[in-house]
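Engineer: Sequence:
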Amino acid sequence: MYLEFDNVSFSYSKTLALAGVSFGIEKGEIVGLIGANGAGKTTTILDIIRYLQPQSGKISIDGINVAEIKNENFAVSYIADSPVFYDELTLLEHLHFLKALYPGNGLSIEGLIEKLELREHLSKVPSALSKGTKQKLMIALALLRNYELLIADEPFTGLDPKQISVFKQILKDCKNEKKAVLISTHLLDMAEGICDRYIMLSQGRVIACGSKSQIINTRSLGNDSTLEQVYLSLIEREG
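The numbering used here puts the first residue of the sequence shown at 1, with every later residue one more than the last.
Some hints could be false.
Lysine to any residue pairs mimicking SDA-like chemistry, simulated, CA-CA at most 25 Å apart [said to hold, decoys possible]: (1) K172 <-> G24; (2) K99 <-> D81; (3) K175 <-> F156; (4) K14 <-> Q55.
Here are the simulated distance ranges between beta carbons [to be verified]: (5) K70 <-> M1: 13 to 23 Å; (6) S56 <-> Y86: 28 to 38 Å; (7) K70 <-> V125: 30 to 40 Å; (8) K172 <-> V84: 23 to 33 Å; (9) N65 <-> P161: 39 to 49 Å.
Rather than coming from a laboratory, the hints here were simulated on the basis of the structure.
Backbone N, C-alpha and C fix where the C-beta goes; we use that ideal spot for every residue, glycine too.
Could you build all of it, start to finish, from the sequences and the hints given here?
Structural biologist: Structure representation (structure tokens):
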């Protein structure tokens, strides 16, 4: 597995956020990290990007403990759920700044501007951007990095249906380029149809892992169940 969680646990003070979480993600697949608010999705991501450090267990990328990977070799790009920008830089200046940091990235700024329909906003500073445009800028900045694993935390927030379609195609392109993609979302209808597999969390524990059909078959659920129905059924069984 390219990304692997091995019995990872994490607590905030006395509050258990992750309890013995184990899963893996291969390159060339899109995996949905599914769960209600407070299920442990964001904590899982923050452990991957090394903002937090697990109290027990191991997280590895390409067989190496993430804690031992040098920053310059940490090939992870992250689309946060809350945009973070430089207040004084315009949208275009943000793009050029990231491109200068990662000159080896093959994507062109012009191509991203066209794909994400950013042209009319190039001279605007972040405070003048709509929520959806801020999200598109976050996506563009993430794609300009050198990465093998793309992580997106609630990436569909603020995007209109057309923008969601564009972003889904971007994720499919990443998959076709043999990148690993992890999407964290509570919008299960958005995840369904784009993800190859799902990691379902509840109260900091993995309650199911696999494709939708695999989860349905192993848990004896209805074949015509939606992803939301599958998740809610599993939550109910967990009690």
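Engineer: So which of those numbered hints doesn't the model satisfy?
Structural biologist: Violated hints: none at all, because every hint is consistent with the structure.
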